[in-house]
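Using the sequences and the accompanying hints, generate a full structural model.
First to last, the protein sequences are chains A and B.
Counting along the first sequence from 1, when you hit position 48 you're at 48 in the numbering used here, and nothing is skipped either side.
Counting along the second sequence from 1, when you hit position 186 you're at 503 in the numbering used here, and nothing is skipped either side.
Mixed in with the good hints there might be a few duds.
What the hints assert, rightly or not - Derived list of chain A stretches under chain B, where covered just means 3 residues or more per stretch with a C-beta under 8 Å from a C-beta of chain B:
| id | stretch |
| --- | --- |
| 1 | 55–64 |
| 2 | 110–121 |
| 3 | 130–136 |
| 4 | 199–208 |
| 5 | 274–283 |
| 6 | 293–300 |
Since the hints were made in silico from the structure, they are not lab data.
Because the structure is a prediction, the values reported are computed rather than measured.
We put the CB at the ideal spot given by N, CA and C, even for glycine.
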Amino acid sequence: MSVLVVAEHDNKNLKSSTLNTISAAEKLSEDIHLLILGNKIEELAKSAKSIQLVKKVIICDHEKLENQIPELSSPIISNLAENYSHILAPSSTFGKNLLPRVSAQLDVTQISDIIGIESQDTFIRPIYAGNAISYVQTDQKINLMTIRPTSFEKCEEAGGDAAVENIPFIDSEVKTTFVSREVSKSDRPELGNARVVVSGGRGLENSDNFKLLYDLADKLNAAVGASRAAVDSGYIGNEYQVGQTGKMVAPELYIAVGISGAIQHLAGMKESKVIVAINKDLEAPIFNIADYGLSSDLFQAIPEIIKELDLLNQIES
Amino acid sequence: MKVLVAVKRVVDYKVQIRVKSDNSGVETQNVKMSVNPPDENAIEEAVKLKEQGLANEIISVSIGDDKSQDVLRTSMAMGIDRSILVKSQNTLEPLAVAKTLKIIIDKEKPDLVLMGKQAIDDDSNQTGQILSALLNWPQGCFISNLKIENNKVFISREIDEGIENLETSLPAVLTCDLRLNTPRFASLPNIMKAKKKPLETIDIDTLGIDTSSKIKTLKVIEPPKRKAGIMVNDVKELVQKLKYEAKVI
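Rendered as structure tokens:
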């Protein structure tokens, strides 16, 4: 049967989490449909139809769908559900906010935050903040699943030519109105999606010192992250938080600077391919999971790393 | 205004959990149990609303075995007026939890329902959203700020990109982020007083809902361990290793 992927986007571009979710869908079916609910999304639909794995792009284009109010979008998804064996959304705040409403409307139990697909009905998901891994099986008529983006590769964005179908907007009475969104602007790569992440903890001591990290991040074309301790101390905004209560990341290189390595932080980054820890405290638990540890004062080490990287670049060029 | 808070009893967040040797689940016997952390934020917010004169009655509900009385007593020690325990021997999935809460809500008729954004055992992050849909009330998830004025509800939600601000109305279901507030510690006199507050018990079998599991757990295993790495002596060695050994820069 067909699989429906609910797209996460900003009305202009698909978020990379959508591409990860499509890759997960490929493990379930060859007939993948991508549902885009939004406002003025003609251009977006055009680029989405070239995703090779997608057989059909279904768009519902209405001004009321501009801000992804789940009370408005969930009935549209539920209405399509009977055509599908599985409905997938990324387990970002977008998918978490939306898909459980569909679960209520269809009266099926959703499976959250899937990190592996064993078969059509058997899935792998972390519990206890990733301190245990659960294999679950279900025989419900429809499988509702949120997918952890970092556990699946991004699919190719080109090479396809999917059919596009417009579906009518179904209005629902909604008492919630959108007021504003406070989004931090940055030229650096998106945290959930970057090849390299440079994260700072309480060891940075204040928000000014985070500039050191930004310099290092820019040298490596890296995203900047932070521990909960750094966020709670007000050094940096919560959208940078990596961990159980923040974002899950799995970059090729994760550099933890001045981070002790609380369980809740490790839950968000221990799937990274290579982990570097820089910390004065040799006893810091972060060293237990780091591939390369450097016990050093970060205020000396970071400028030195930047210097070394410059030297490397000079040699290469 | 009447506020209902849903709380769950979970393994304390400081406990290093252990997977059972038969791989059937996580060990919860003889382990310290506590109120699910974001549920504590929900309790705190309800108590604040009462202190501000916006709420006149605040009640807490939990679903679980007799031991779940602990977390309800804790909530009453923090300031909740009275509690309801829906007794169930089985662990319920989020859909069944939401259906159970809906029956209690239909009876209690609160104006506002608060709960944590997710339970730190199962990490499903579903119950509030499902409940909102079942009740057909507005949903506000992962909130880090709440202001109620003239029946209008202003919330800030923690989203991946930053913060989203919404306006909605009562009745509503709101799920709380850890950043919403700092839960108070219950003082000893308040812990004593909480022992005398009313705690009603309802057997889940009398509610007439399907609470059977739709999802079968085949096995629970430990996550793969990372192999121990090495300590480097200086920055130069670190950069060389990253360049030529790990090949990531």
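Exercise. Do three or more residues from the stretch 274–283 of chain A put their C-beta atoms closer than 8 Å to C-beta atoms of chain B?
Worked result: holds (count 3)
Problem set entry | Proximity test - 8 Å, beta-carbon atoms, the stretch 55–64 of chain A to chain B, at least three hits | violated (count 0)
For this session: Between the stretch 293–300 of chain A and chain B, see if three or more residues pass the 8 Å beta-carbon test, and mark the coverage as holds or violated.
Result: Three-residue rule met by the stretch 293–300 of chain A, so holds; n is 4.
Exercise. Would you say the stretch 130–136 of chain A counts as covered by chain B, given the rule of at least 3 residues with C-beta under 8 Å?
Worked result: holds (count 7)
For this session: Mind taking a look at whether chain B covers the stretch 110–121 of chain A? Criterion is 3 or more residues with CB to CB distance under 8 Å.
Result: Three-residue rule met by the stretch 110–121 of chain A, so holds; n is 4.
Exercise. Given as covered by chain B, does the stretch 199–208 of chain A meet the bar of three residues or more with CB within less than 8 Å?
Worked result: As far as the stretch 199–208 of chain A goes, the hint is violated, because 0 residues have Cβ atoms under 8 Å from chain B.
Violated hints, listed in ascending order, are 1, 4; each of the other numbered hints is respected by the structure.
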